[in-house]
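Okay, here's what each chain looks like letter by letter:
Number of protein chains: 2
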Amino acid sequence: MNTQSFVFTGSGGQGVITAAIILGEAAAIHEGLNAVQTQVYGPEARGGATRADVIISTEPIHFPKVVNANVLVCLTQEAYDKFGRIVQPGGLLIVDSLYVRATKNTEARQVMLPMYETTKKEIGNPVVFNICVLGCVLALTWVVTPDSVLSALKTKIAPKYVDMNSKALKLGLDMGEKWRASLGPVAAQKEAAKIKKS
Amino acid sequence: MNTQSFVFTGSGGQGVITAAIILGEAAAIHEGLNAVQTQVYGPEARGGATRADVIISTEPIHFPKVVNANVLVCLTQEAYDKFGRIVQPGGLLIVDSLYVRATKNTEARQVMLPMYETTKKEIGNPVVFNICVLGCVLALTWVVTPDSVLSALKTKIAPKYVDMNSKALKLGLDMGEKWRASLGPVAAQKEAAKIKKS
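So the sequences go chain by chain: A and B. With the first sequence counted from 1, adding 1212 to any position gets you the working numbering. With the second sequence counted from 1, adding 1212 to any position gets you the working numbering.
Rather than coming from a laboratory, the hints here were simulated on the basis of the structure. Please note: incorrect hints may appear among the correct ones.
No copy labels: a pair is met if it fits in one copy or bridges any two.
Once the Cα atoms are required to be at most 20 Å apart in a straight line, the calculated SDA-like pairs of lysine to any residue come out as [claimed, not checked]: (1) Lys1366 - Gly1224; (2) Lys1372 - Asn1337; (3) Lys1294 - Ile1273; (4) Lys1382 - Gly1336; (5) Lys1368 - Asn1337; (6) Lys1368 - Gly1224; (7) Lys1366 - Gly1244; (8) Lys1382 - Leu1362; (9) Lys1366 - Ala1314; (10) Lys1368 - Gly1225; (11) Lys1382 - Thr1230.
Modelling step: build the complete structure from the supplied sequences, incorporating the hints.
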């Protein structure tokens, strides 16, 4: 990796800003990389889609806003409709299968996963939905290690919530890994090669 | 106001990023302004000073990083030593009087307030130190209303913590107002005029 850019989108309260901050801190504080994390709010932020950007790089980062994302995460249909075109051709588009029904971007590699429903079913508390999403992102990009994310997480939450967050992260990692495994050996190898190159 | 830029600095765990996010959301979601909120992390972020930027404007914002801050907040000596020069001449430098002992910036308007000690004494829980700081910033800049900040806060915290956070905000507002009143009527009027112009 030289530089990878991530855009997390969804509605207020889904925790996309927190997910972006944790990813940025995991990279910078626990892996010695450079990271920039940004929220851009316009008046349309009222009741609309939230967006949080992270750029992670081995080099200094000069412009902090993502123009063409390597990875775009959409957690609502509204967020997809608004930001769907940000992902670059060949990039990774990760959407939640409950909240996003229709995607028209055929140039990105699409990953539609039941992240919300699985979090609710397996953990019982949708508050860690965003951490499950982060697990999926890690499994599909290998941008930082799960340990770095856990270390960053631990500085943000009370000790009693660490266990629930770890479980949500593992849930997402497993879901992402399974998706890759489901491609079959040849496609999965190609996918892994693309991720390494990006 | 056309554009005002704020840089919050301190150590990890003091809540400077949260303060910046709440200020940005208060402006954009509750007052219809534009806002950009950014964290830039380098490898030096490990154990060092944290910095969170907010730009608030009536106009679209094209470059999200603050180069010359109208308002700089420093909550540790290390943060002051590292970022003290970011504040522009005539800008406002707000420091915590327990954590920051020495400031050499003579071109900024300096406000040294016992924000940490007052929060600890009056509320008993230093976790809301950052909200008290935000109250001081509001009292000294009038950038958004306290009500907008409270509305943004309420989307971030559990209902049982709203009361403690409201108290911390009021504590900071009072401290900032007192500082301005202590200038005497003529100086305070000049100060208010500067704020309105900036």
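| message | Let me make sure I understand: some of the numbered hints might not hold for this structure. Which ones are they, in numerical order? | response | 9
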